[in-house]
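Chemist: Using the sequences and the hints, build the whole thing.
Protein chains in written order, with our numbering: chain A, 1 to 342; chain B, 1 to 342.
Any given hint might turn out to be false.
Intra- or inter-copy, both count: the list cannot distinguish identical chains.
Stated by the list, open to error - Each computed SDA-like pair below joins lysine to any residue, with the alpha-carbon atoms no more than 20 Å apart:
#: 1; residue 1: Lys251; residue 2: Gly266
#: 2; residue 1: Lys133; residue 2: Thr244
#: 3; residue 1: Lys54; residue 2: Leu117
#: 4; residue 1: Lys90; residue 2: Ala323
#: 5; residue 1: Lys133; residue 2: Arg260
#: 6; residue 1: Lys39; residue 2: Asp183
Just so you know, these hints were derived from the structure itself, not from any lab.
Just so it is clear, the structure is predicted and the values come from calculations on it, not from any experiment.
There are 2 protein chains.
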Amino acid sequence: MRIAVDAMGGDLAPTEIVKGAVLAARQIPDCEPVLVGDKARIDSELAAIGDVPKGVTVVHASQVVDMHDHAVDVRKKPDSSIARAVGLAKAGEAAAVVSAGHTGAAVAASMLNFGRLQGVQRPGIGVPMPTVKGSFTLIDVGANIAAKPLHLLQYGLMASIYAQKIRGVERPRVGLLNIGAEDEKGNALLKETHSLLSASGLNFHGNVEGNEIFQGVCDVVVCEGLAGNLVLKSCEGLAEALLTIVRSEAKSRLNALGARDPAAAGALGGTFKEILGGIQSRTDYAEFGGAPLLGVDGICIISHGRSDARAIQNAIRVAGEFASRHINEEIVRAVAALQQPA
Amino acid sequence: MRIAVDAMGGDLAPTEIVKGAVLAARQIPDCEPVLVGDKARIDSELAAIGDVPKGVTVVHASQVVDMHDHAVDVRKKPDSSIARAVGLAKAGEAAAVVSAGHTGAAVAASMLNFGRLQGVQRPGIGVPMPTVKGSFTLIDVGANIAAKPLHLLQYGLMASIYAQKIRGVERPRVGLLNIGAEDEKGNALLKETHSLLSASGLNFHGNVEGNEIFQGVCDVVVCEGLAGNLVLKSCEGLAEALLTIVRSEAKSRLNALGARDPAAAGALGGTFKEILGGIQSRTDYAEFGGAPLLGVDGICIISHGRSDARAIQNAIRVAGEFASRHINEEIVRAVAALQQPA
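Modeler: In structure tokens, the structure reads:
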């Protein structure tokens with residue numbers, strides 16, 4: 001299966017993106033990544049890796065949508081790597097797209113080229129987030145900053161299907177992120193969404209508060225896109241700051257210990273690095289395979305801007321599963337069948 | 001100075017609340033906490049502590065607003081500890097109120113009894129949050145879930161004055177929490193608020209994203225109350241989950257080490273506890289003295305529901321400083337002088 005990969009998108013592009021595509025081609029059966037971007041640079045990266053599987057191909061694109069561009073600028077850059085990657089999928093030359101570049105551009109290119117799935121009102125981005133036990137999907141994190149209740153209902157439905165088909169959750173528990181647990185909490189949008197979700201036939205858990213979601217009480221957490229984006233980025237910023245504080249505290253205690261007992265400090269330093277490694281592997285977005293843009297008539301997996309090769313490899317794997325497990329067909333069926341309140 | 005303390009509010013009430021009031025009376029000059037709540041229970045806590053400073057007094061209240069009550073239920077419980085505490089302040093028998101109880105009830109009681117400060121459209125809760133360098137104030141976190149641009153502008157102004165007077169920040173940098181750094185990002189509310197803040201004369205830093213705020217780029221971060229509440233609680237939930245993961249990773253590595261070398265594991269366990277303690281003291285809300293409800297014609301400091309004695313002591317200290325440094329008078333002057341865009 002051919003997966004179009006935006007080779008120029010992401011903080012570590014093209015090096016890590018190209019590496020991730022090669023890893024995917026080596027390790028995922030029938031996976032044929034199409035690297036889209038500056039051919040000379042991509043070829044040079046491939047040459048540096050060496051022994052490139054035959055399935056890896058390159059499609060040249062002369063432009064790049066960079067982080068200073070506006071999302072809509074993707075129209076002005078028709079030969080950008082993201083526009084070409086989406087174009088390949090639209091033309092049937094790839095089953096799906098993976099990009100770690102400008103999120104807004106990936107959303108805009110997907111909307112322009114793929115359009116919406118039948119019955120879906122607004123696409124949404126569902127981002128995987130870690131819990132103490134596993135992960136959940138937060139949807140939407142910014143594809144749509146003018147959400148209506150029906151949009152949020154459809155987000156819950158689409159992310160439920162994704163959780164079933166990709167993560168193997170039999171009956172995903174759906175929560176509505178709100179400022180309190182009681183049914184009537186929140187503004188008009190949240191109250192009406194609560195009613196719609198209650199009557200939807202989904203496995204609706206009710207309102208959930210932010211202090212619960214990381215305990216693993218839900219598999220899907222529905223949120224309006226603007227607030228979802230603020231929550232996502234704040235959580236990322238906090239996690240980073242906390243790990244900075246953990247490291248600086250460890251360093252100062254280890255230095256103090258080292259002055260008294262260098263051998264003990266050395267041993268603890270090693271164990272502490274193991275601990276940090278364990279934390280990282282349990283919270284790292286790279287493990288979760290990227291965030292699907294749900295609701296477009298095509299497949300676009302948005303990877304974190306800092307994606308390394310492993311994150312890209314996982315995103316390519318998920319993109320292939322998204323296609324082979326017919327998630328979009330399932331969404332169209334489920335949206336049509338969705339129970340509306342009487 | 002007399003500070004009315006809701007002795008029945010908070011997960012650890014009344015024990016830790018009473019302890020915190022006694023600590024405050026012992027350590028803060030001229031501080032006279034008035035413990036409001038079930039007199040028999042408070043007296044019993046005081047007797048258990050012993051050697052209670054003369055400044056500590058008790059005012060009986062027969063009711064409690066508990067976490068299952070609605071905020072507006074404070075009207076139905078006129079003899080609740082929070083209603084009585086606010087009543088004391090309203091009657092001039094206390095300079096300020098401190099409560100770790102039901103936030104909505106504290107806000108509702110303050111709004112009903114104190115009313116708004118002259119010129120202030122909507123009160124907001126400004127909660128202190130840690131950064132890698134110190135702290136910032138996030139305002140609003142849920143006092144007002146139907147914010148207009150002028151409300152957000154006033155939040156920036158009020159929290160700036162608070163940062164100056166309480167935290168000693170000379171010229172507080174104010175950021176607007178948004179989904180991107182560019183001026184025109186966000187919905188209509190955010191765009192208009194950006195214009196108002198730009199023209200306000202405040203030290204406006206522009207839009208800030210969630211991944212920056214914990215790096216200490218701003219002293220005040222303005223946010224609409226519903227999103228602010230979701231961000232606050234999600235960050236609390238994430239921090240808790242991360243520390244759970246840190247502890248579980250540490251435990252499993254230390255156990256593995258202990259099987260090989262019990263003495264080394266014991267030593268490492270001790271140092272690890274020191275590290276965790278250091279992290280906690282740098283991120284603990286208890287250090288920050290509670291969240292002021294800004295914009296009411298009175299003083300109400302809302303403490304975290306899990307407040308221990310130290311958190312309550314710090315909140316009482318801040319409540320006294322709020323009064324003696326004439327923050328409300330300053331807010332009224334500044335609101336009147338606020339430059340409006342041409």
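Chemist: Against each hint, give a clear statement of whether it holds in the structure.
Modeler: Against the structure, the hints:
1. Lys251 <-> Gly266: The answer is both: 11 Å in one copy and 19 Å across copies each meet 20 Å.
2. Lys133 <-> Thr244: between (23 Å within a copy, 11 Å between copies)
3. Lys54 <-> Leu117: neither (33 Å within a copy, 72 Å between copies)
4. Lys90 <-> Ala323: Answer is within; shortest intra-copy Cα gap is 13 Å, inter-copy 65 Å.
5. Lys133 <-> Arg260: Neither: 39 Å inside a chain and 28 Å across chains, both beyond 20 Å.
6. Lys39 <-> Asp183: neither (55 Å within a copy, 35 Å between copies)
The structure fails to meet hints 3, 5 and 6 from the earlier list, while all remaining hints are met.
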